[in-house]
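Protein chains: 2
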Amino acid sequence: MIHRPLPEAFFKPRHVAVVGASKKRGFGSGISTMLAGIGYREHLYLVNPREKEIDGLTVYRQLSDIPEDIDLAILIMPASQAPDVVGECVAKRIPAVILESAGFSETGHEGALLEEEVRKRLRGSETRVIGPNCIGIVNPHDRFITSQIDLDSLRPGNIGVIAQSGAFGNILSDWAPVQNLGFSKLVTIGNRLDVDESDLLRYFAHDEKTDVIVLYLEGVKDGRRFFEAARYANARKPILVFKGGSSSVGKSAAASHTGSLAGEDGLYEGIFRQAGVIRAASFQELFDMARVFSREPLMRGPEACIVTCSGSLGVMAADAGSALGLQFPELGPETVDKVRKLAPAWMNVRNPLDVGPSGLFIQATKAVLRDDRIHGLIALPVIPNAVVQEIVESGVDPTTLYGDPEEYRRLAPGKPFVMHTVGGAFWLDMVQKIYGDTLTIVSSAEIAAKSLWSLYRYHAFRG
Amino acid sequence: MIHRPLPEAFFKPRHVAVVGASKKRGFGSGISTMLAGIGYREHLYLVNPREKEIDGLTVYRQLSDIPEDIDLAILIMPASQAPDVVGECVAKRIPAVILESAGFSETGHEGALLEEEVRKRLRGSETRVIGPNCIGIVNPHDRFITSQIDLDSLRPGNIGVIAQSGAFGNILSDWAPVQNLGFSKLVTIGNRLDVDESDLLRYFAHDEKTDVIVLYLEGVKDGRRFFEAARYANARKPILVFKGGSSSVGKSAAASHTGSLAGEDGLYEGIFRQAGVIRAASFQELFDMARVFSREPLMRGPEACIVTCSGSLGVMAADAGSALGLQFPELGPETVDKVRKLAPAWMNVRNPLDVGPSGLFIQATKAVLRDDRIHGLIALPVIPNAVVQEIVESGVDPTTLYGDPEEYRRLAPGKPFVMHTVGGAFWLDMVQKIYGDTLTIVSSAEIAAKSLWSLYRYHAFRG
Numbered sequence: 001m002i003h004r005p006l007p008e009a010f011f012k013p014r015h016v017a018v019v020g021a022s023k024k025r026g027f028g029s030g031i032s033t034m035l036a037g038i039g040y041r042e043h044l045y046l047v048n049p050r051e052k053e054i055d056g057l058t059v060y061r062q063l064s065d066i067p068e069d070i071d072l073a074i075l076i077m078p079a080s081q082a083p084d085v086v087g088e089c090v091a092k093r094i095p096a097v098i099l100e101s102a103g104f105s106e107t108g109h110e111g112a113l114l115e116e117e118v119r120k121r122l123r124g125s126e127t128r129v130i131g132p133n134c135i136g137i138v139n140p141h142d143r144f145i146t147s148q149i150d151l152d153s154l155r156p157g158n159i160g161v162i163a164q165s166g167a168f169g170n171i172l173s174d175w176a177p178v179q180n181l182g183f184s185k186l187v188t189i190g191n192r193l194d195v196d197e198s199d200l201l202r203y204f205a206h207d208e209k210t211d212v213i214v215l216y217l218e219g220v221k222d223g224r225r226f227f228e229a230a231r232y233a234n235a236r237k238p239i240l241v242f243k244g245g246s247s248s249v250g251k252s253a254a255a256s257h258t259g260s261l262a263g264e265d266g267l268y269e270g271i272f273r274q275a276g277v278i279r280a281a282s283f284q285e286l287f288d289m290a291r292v293f294s295r296e297p298l299m300r301g302p303e304a305c306i307v308t309c310s311g312s313l314g315v316m317a318a319d320a321g322s323a324l325g326l327q328f329p330e331l332g333p334e335t336v337d338k339v340r341k342l343a344p345a346w347m348n349v350r351n352p353l354d355v356g357p358s359g360l361f362i363q364a365t366k367a368v369l370r371d372d373r374i375h376g377l378i379a380l381p382v383i384p385n386a387v388v389q390e391i392v393e394s395g396v397d398p399t400t401l402y403g404d405p406e407e408y409r410r411l412a413p414g415k416p417f418v419m420h421t422v423g424g425a426f427w428l429d430m431v432q433k434i435y436g437d438t439l440t441i442v443s444s445a446e447i448a449a450k451s452l453w454s455l456y457r458y459h460a461f462r463g
Numbered sequence: 001m002i003h004r005p006l007p008e009a010f011f012k013p014r015h016v017a018v019v020g021a022s023k024k025r026g027f028g029s030g031i032s033t034m035l036a037g038i039g040y041r042e043h044l045y046l047v048n049p050r051e052k053e054i055d056g057l058t059v060y061r062q063l064s065d066i067p068e069d070i071d072l073a074i075l076i077m078p079a080s081q082a083p084d085v086v087g088e089c090v091a092k093r094i095p096a097v098i099l100e101s102a103g104f105s106e107t108g109h110e111g112a113l114l115e116e117e118v119r120k121r122l123r124g125s126e127t128r129v130i131g132p133n134c135i136g137i138v139n140p141h142d143r144f145i146t147s148q149i150d151l152d153s154l155r156p157g158n159i160g161v162i163a164q165s166g167a168f169g170n171i172l173s174d175w176a177p178v179q180n181l182g183f184s185k186l187v188t189i190g191n192r193l194d195v196d197e198s199d200l201l202r203y204f205a206h207d208e209k210t211d212v213i214v215l216y217l218e219g220v221k222d223g224r225r226f227f228e229a230a231r232y233a234n235a236r237k238p239i240l241v242f243k244g245g246s247s248s249v250g251k252s253a254a255a256s257h258t259g260s261l262a263g264e265d266g267l268y269e270g271i272f273r274q275a276g277v278i279r280a281a282s283f284q285e286l287f288d289m290a291r292v293f294s295r296e297p298l299m300r301g302p303e304a305c306i307v308t309c310s311g312s313l314g315v316m317a318a319d320a321g322s323a324l325g326l327q328f329p330e331l332g333p334e335t336v337d338k339v340r341k342l343a344p345a346w347m348n349v350r351n352p353l354d355v356g357p358s359g360l361f362i363q364a365t366k367a368v369l370r371d372d373r374i375h376g377l378i379a380l381p382v383i384p385n386a387v388v389q390e391i392v393e394s395g396v397d398p399t400t401l402y403g404d405p406e407e408y409r410r411l412a413p414g415k416p417f418v419m420h421t422v423g424g425a426f427w428l429d430m431v432q433k434i435y436g437d438t439l440t441i442v443s444s445a446e447i448a449a450k451s452l453w454s455l456y457r458y459h460a461f462r463g
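In order, the protein sequence lines correspond to chains F and B. Take the first sequence: its position 214, counted from the start at 1, is 214 in our numbering, and no numbers get skipped. Take the second sequence: its position 105, counted from the start at 1, is 105 in our numbering, and no numbers get skipped.
A hint or two may mislead.
Where chains are identical, the list cannot tell them apart; a pair therefore holds if satisfied intra-copy or between any two copies.
Here are the computed lysine-lysine pairs in the DSS-like style, where the Cα-Cα straight-line distance is at most 27 Å [what the hints assert, rightly or not]:
#1 LYS24 - LYS341
#2 LYS92 - LYS338
#3 LYS23 - LYS341
#4 LYS341 - LYS52
Treat the hints as calculated values from the structure; they're not laboratory data.
From just these sequences and the hints, can you work out the full model?
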């Protein structure tokens, strides 16, 4: 199969044209103002036969009127004009086109014909098209976006995201800072009349800013192509996927959403497994695991330990981990000795290691991190909100309660350290502030277990 | 089987004794100060042979020295003294005893013998014991608690909680306000040497302040007794359960946590199903469903509709709902007509009803609420954070974007209305403020679907 690399102009263009720019409020109307605002004013070319000037910028009748070479065209005019406009893009040798408009195969047969028409105009050209029915690109590192997103709220990171849906790409971008996630790039691919998830898997496989690839899919465009691209990319970077459209209602909704054929879920399961792709069971799990993979080392064996102050949370993590294949072996004799010497009579020194209110969380955690039998740690610190509030307000350094995250990291840099907690607002905020950037916090005990398992699975897959 | 109702003294005692009260910092040392602080100073009797006075309160050598009748004794002295102290409670005819100390069957054989010894002292008496290895009671309505919990942060509500673990009960109480949940009462039962989950199911079945019963279990003490109590209670109020200890590691951790025999998971599945108990797959799901059941009407048929601005979230809800048995039928012709008249060309008027950025969320939602075919609604409003922030800051009333929650409620008071959204912090806060108390917000599209399904299942079970 021939693979054509994507032009870098999609992600960091020099000269951008917006076709369908308009003064009227409506889809895409904010894009030109937004681009001018992020530093593209001098490199922005608006096109619309019915406008003369917008925000002080000349509006051209058609693409061919623009005197400059354009390397990225953003199309937001009505769907029916797409074939002609894409034809103009080809004629002007524009390498990268983002067709954001909706009204194509997701609406039915006529829309599908329109897509086919656009595809015809592309044949034999160098022009690549992302879309239709998408919001294009979010590139926080180079501060380039192609839709109205709060760029300043985004933290540049190492997670490359491929999403099908435009609206979803938008809310993913909004949600990322809330979830303490940093994207390298996010690309929404919509109905994929040309560029698809397989192109992007290969792109991210070599993107220096990307360490983890996250996919939200409602269907794969070409199973064989996807399998090969996934295998190729997965040999370089872990791929996490959430696949929508497993039910018949979901499939039919996916078809009318992004024109996707969601296909049989079992088929996808097989493709994902063979390619070593890690599948998330929910959107929250996808994001939690992305956070884990973006920061934690891989896990070198299936042997994990749970250090907890809550027996119940420990049981939850153990149940979830065991169901997947994670092992919770007995701790090494040295570790057991070390902890037992300090432990009160009621405390069982085992794995899960439930320290309860003994105050031994730090010593237990350090002992476990030093234990050669253990390759990854799930830490479940909890404390009554009233108690921790009182302690901290009396001037005690909160890291004396549950440890210094940097020290944990130094002690075992090769072992993943995933944390989960529940409790009151004061405690939750405090944990986030102290541990949220150095270790990795996830949103449930079950996801903590699945994350470790996935870090091990990927390690084993890469061999 | 004989069922002995629990004395009300557990929940709202007049005279409280604390055995093992101490000036030394340690387990339970804050309890007497806490009780004095919540209005029990005049009705509080401390017992400890090695103390004379604590915080200006007389400390008695033994229970029998207290001149007053005691209706609740809280025991926090070392485990080894439990048989004698419980014997004194019996002698003094104290109806309610909470044994909070740990160090019993959860630590092994000797601890189990100690529990047996306590049980012997109880025989033939009217005294009931909760515990050991627990934190007892949280009763926000009557402002009574038996451990250090931030009482002022708790909102009194209609959810009755039965938890096994003490630490867990504590963090549940802390987490409840963060999760926008109100408890009627929370009881932690620990190792259950006397009072168990079955007693409490029957108690909550008749507790006027309780509308929903939530159980966190690591194992049932007596399967037959539990089944009968669950069937009895479930005929009056819905019961939601999360069961820990499905794996062998989890089972063994549960044994050393609360001395529970977690048993075969399939067995529990059968008991829960036959008794009509609703099982949550995770702790978050348990709490989300508790919120739903505490506010929403039951669902009268399996036919639901999804109204969404994000095709992707709509697909997730449809997948999860379909897998359970929820139906997403075609909308009634009137509904379709109403929406289609307003809809732009690209919008598909179907179920899930994806309104995208059409601005038709309110009209669509109202039309669906009026549709006789539909018995429950999943609403998935999303909007780019930057856009909503701009709109609201320009002075627009945010309910003009996604509707007035009171109006939705008035329009179809008999139909559950469950909402989920993702996005930026500004948007998430706004949705919580506007809709969080009138409708019910849950933490994922999947849980929204499971919640509706459970509301329908319970309706069908009750017949």
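Hints and how they fare:
| no. | hint | result |
| --- | --- | --- |
| 1 | LYS24 - LYS341 | between (74 Å within a copy, 22 Å between copies) |
| 2 | LYS92 - LYS338 | neither (72 Å within a copy, 45 Å between copies) |
| 3 | LYS23 - LYS341 | between (74 Å within a copy, 26 Å between copies) |
| 4 | LYS341 - LYS52 | neither (81 Å within a copy, 33 Å between copies) |
Hint compliance for this structure: hints 2 and 4 are broken, all remaining hints hold.
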